[in-house]
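Novice: Given next are the chains, with one letter for each unit.
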Amino acid sequence: MAEKSKELLRVDDLAIIYKTDLETVHAVNGITFSLERGRTLGLVGETGAGKTTTALALLRLLPERIGIVTGGSIRFDGEDLMSLPPTEMRKIRGNRISMIFQDPMTSLNPVLTVGDQIAEALVLHGEGEKARDKVVQAKVDEVLSLVGIPPTRKNEYPHQFSGGMKQRVVIAIALACEPDLLIADEPTTALDVTIQAQVLKMMRDLKERLDTSMILITHDLGVVACTCDDVAVMYAGKIIECGTREDLFREGRHHPYTVGLFGSIPDIHSETTRLSPIGGLMPDPTNLPPGCSFSPRCPRCMEICRTTEPPETTDGTHKILCHLYGEGGRSR
Amino acid sequence: MSRQGTKLKKQNRLKELWRRYRKNPAAMIGLAFVLILIACVLFGDVIAPYKTATGQNIRARLQGPSAAHFFGTDEFGRDVFARVVHGARASLALGVMTTLVALSVGGVLGAVAGYFGGRIDDIIMRLMDVLTSIPSLLLSLAIVSALGAGIRNLIIAITISRVPAFVRIVRSAVLSIVDQEFIEAAKAGGTSDTRIIVRHVIPNAVGPIIVQATMSISMLILQAAGLSFLGMGVQPPRPEWGAMLNDAREFMRVAPHLMIFPGMAIVLSALSFNLMGDGLRDALDPKLKS
Numbered sequence: 001m002a003e004k005s006k007e008l009l010r011v012d013d014l015a016i017i018y019k020t021d022l023e024t025v026h027a028v029n030g031i032t033f034s035l036e037r038g039r040t041l042g043l044v045g046e047t048g049a050g051k052t053t054t055a056l057a058l059l060r061l062l063p064e065r066i067g068i069v070t071g072g073s074i075r076f077d078g079e080d081l082m083s084l085p086p087t088e089m090r091k092i093r094g095n096r097i098s099m100i101f102q103d104p105m106t107s108l109n110p111v112l113t114v115g116d117q118i119a120e121a122l123v124l125h126g127e128g129e130k131a132r133d134k135v136v137q138a139k140v141d142e143v144l145s146l147v148g149i150p151p152t153r154k155n156e157y158p159h160q161f162s163g164g165m166k167q168r169v170v171i172a173i174a175l176a177c178e179p180d181l182l183i184a185d186e187p188t189t190a191l192d193v194t195i196q197a198q199v200l201k202m203m204r205d206l207k208e209r210l211d212t213s214m215i216l217i218t219h220d221l222g223v224v225a226c227t228c229d230d231v232a233v234m235y236a237g238k239i240i241e242c243g244t245r246e247d248l249f250r251e252g253r254h255h256p257y258t259v260g261l262f263g264s265i266p267d268i269h270s271e272t273t274r275l276s277p278i279g280g281l282m283p284d285p286t287n288l289p290p291g292c293s294f295s296p297r298c299p300r301c302m303e304i305c306r307t308t309e310p311p312e313t314t315d316g317t318h319k320i321l322c323h324l325y326g327e328g329g330r331s332r
Numbered sequence: 001m002s003r004q005g006t007k008l009k010k011q012n013r014l015k016e017l018w019r020r021y022r023k024n025p026a027a028m029i030g031l032a033f034v035l036i037l038i039a040c041v042l043f044g045d046v047i048a049p050y051k052t053a054t055g056q057n058i059r060a061r062l063q064g065p066s067a068a069h070f071f072g073t074d075e076f077g078r079d080v081f082a083r084v085v086h087g088a089r090a091s092l093a094l095g096v097m098t099t100l101v102a103l104s105v106g107g108v109l110g111a112v113a114g115y116f117g118g119r120i121d122d123i124i125m126r127l128m129d130v131l132t133s134i135p136s137l138l139l140s141l142a143i144v145s146a147l148g149a150g151i152r153n154l155i156i157a158i159t160i161s162r163v164p165a166f167v168r169i170v171r172s173a174v175l176s177i178v179d180q181e182f183i184e185a186a187k188a189g190g191t192s193d194t195r196i197i198v199r200h201v202i203p204n205a206v207g208p209i210i211v212q213a214t215m216s217i218s219m220l221i222l223q224a225a226g227l228s229f230l231g232m233g234v235q236p237p238r239p240e241w242g243a244m245l246n247d248a249r250e251f252m253r254v255a256p257h258l259m260i261f262p263g264m265a266i267v268l269s270a271l272s273f274n275l276m277g278d279g280l281r282d283a284l285d286p287k288l289k290s
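Chain order of the listed sequences is A and B.
If you count the first sequence from 1, position 13 lands on 13 in my numbering, and the numbers rise without skipping.
If you count the second sequence from 1, position 79 lands on 79 in my numbering, and the numbers rise without skipping.
Derived by calculation from the structure, the hints in this document are not laboratory data.
Just so you know, not all the hints are guaranteed correct.
Computed far set for chain B versus chain A, every beta-carbon distance over 12 Å [what the hints assert, rightly or not]:
| no. | residue |
| --- | --- |
| 1 | Ala-26 |
| 2 | Thr-132 |
| 3 | Ser-145 |
Quick list of simulated restraints, FRET-style, between CB atoms [claimed, not checked]:
| no. | chain 1 | residue 1 | chain 2 | residue 2 | range |
| --- | --- | --- | --- | --- | --- |
| 4 | A | Thr-189 | B | Arg-22 | 17 to 25 Å |
| 5 | A | Gly-163 | B | Ile-210 | 28 to 36 Å |
| 6 | A | Ala-225 | B | Arg-22 | 52 to 60 Å |
| 7 | A | Glu-79 | B | Ile-134 | 48 to 56 Å |
Each residue gets a CB set at the ideal place from its N, CA and C atoms; glycine is no exception.
Produce the complete structure using the sequences and hints provided.
Specialist: Have a look at this one:
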């Protein structure tokens, strides 16, 4: 470990479009972030902010011919992922970078037993010759018990498991090869709250045991608060605010969108009958407004916001993309 | 669910299929007749010696059904019962073989077209469009005339005319599966395309494909009989139902049994494969699970 640099993943100015005959969707518009070994980055934002697109781009799994990376670079452990040949990329997928998908109901193959599916991941990445090998089967048992499923259940099919158990299986598959980076795309959204807490706790424990870095995609700030070290808030394909968890959750200067996000969480201490959402909708990604893309919904929108892209303001680890705190803007 | 219960459930997957299949009486009749056909193929010589199916006996020609000849005799005094029994071999072989070959060729093409899409899909599907635009009977006739009559060429001809149907079915089954998240998950796990097709796509598409294959057997039995009827298939003296019908045409008035028995054999075998296919589809469809 000492030899390796602390930084595991560095994404620079990544831009992605989805191009069809009819329209061009600007899904991700120049995002920059980095992730250190053993840390968890929370990628927060509402539906359509480009979170999943970013994750797919990291694995180079954007839909062929439609999803196009138009600029920027992704460096993983010193290697440029964008220029790797497909066979090399395949060796990284599942082995060094794994992904957990949103819906555990559909991300398992219904006709293979869960044991076979875990064994497959192991065999693919050279942990044994055949799925029936003793070594592989022993490892399958080990991984299953790691996620809290009795190994005796490995010969069962996905439909015999409940949702939470299925997500555990999915996590077991993702962790089977002990990846350096785990990308979890809303891993708990499809689960009910009690199971959510269990799964999150398990993921946090496993991450610590295996010293894995993690990118957690979510729109649940509660999940962020209890699992992430760093947070990046995405809006319309841009990271509009990022920093450590403390930076984001501490009172102080924040992007108006982040303020809105926190404001829309119901407060247990105050009595209200209505939630307070952020007014309006995400801008049409085929036709982003000039200037700051949040300006049409921003309660503190200024003249400059509608014309000029906001500058980045840095305060230690805390970065905000907003005119409010830039030069010429009001402070606070 | 108790541990014991789940264990039982796993072993019972085939049994479960069988339990649902058994509830369908029509499908059971179909299955019974298919088993009889298979018995005719395997034990044909025990049921009726091949000699009586081909050996001529002019003195006993055109006899009606009797205890000695269950289905009567034809214009050369050959036992029609024996000919029908041994004809099953040609018909079943043709139906099953051509289905298997067409299924494997069509399956590979369809899976590739559906999985990769894009240009490969266009090329394969347009080729299939060309093949389907020619009536299949005409196409097989043309192929057999070009290659010469005989059972091998018949198989080639029927297979070629049947491939497009399988390409379509497999392609559409694959298309409905490649969009599912577990395929993406497999990709994210570093699985190669070939492996995804073999391990993840095909096993999930197998239900509709099996059903279609069963149905196709009956269609191909009919087509093979049709071609033999036109003299393009199995050559005499080998017994074949379609060819027997053709031979019987001249004697239709004096000896209708010559036409009735092979005709019945064709109709019943086609029908029974269809019933079996229907039953399989119902048994495999989880929505009808009760």
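Novice: State for each hint whether it applies.
Specialist: Hint-by-hint comparison with the structure:
At roughly 28 Å, the least C-beta separation between Ala-26(B) and chain A is larger than 12 Å, which holds for a residue marked as non-interface. Remark: the non-interface label on Thr-132(B) is consistent with the geometry, its nearest Cβ contact in chain A lying 28 Å away (cut-off 12 Å). Residue-level check passed: Ser-145(B) sits 44 Å from the nearest beta carbon of chain A, beyond 12 Å. Taking 17 to 25 Å as the suggested C-beta distance range, the pair Thr-189(A) and Arg-22(B) does not conform, at roughly 42 Å.
Our hint of 28 to 36 Å for Gly-163(A) and Ile-210(B) holds, since their Cβ atoms are close to 30 Å apart. For the hinted restraint 52 to 60 Å between Ala-225(A) and Arg-22(B), the CB-CB distance of approximately 57 Å keeps it satisfied. With their beta carbons about 54 Å apart, Glu-79(A) and Ile-134(B) fall inside the hinted range of 48 to 56 Å.
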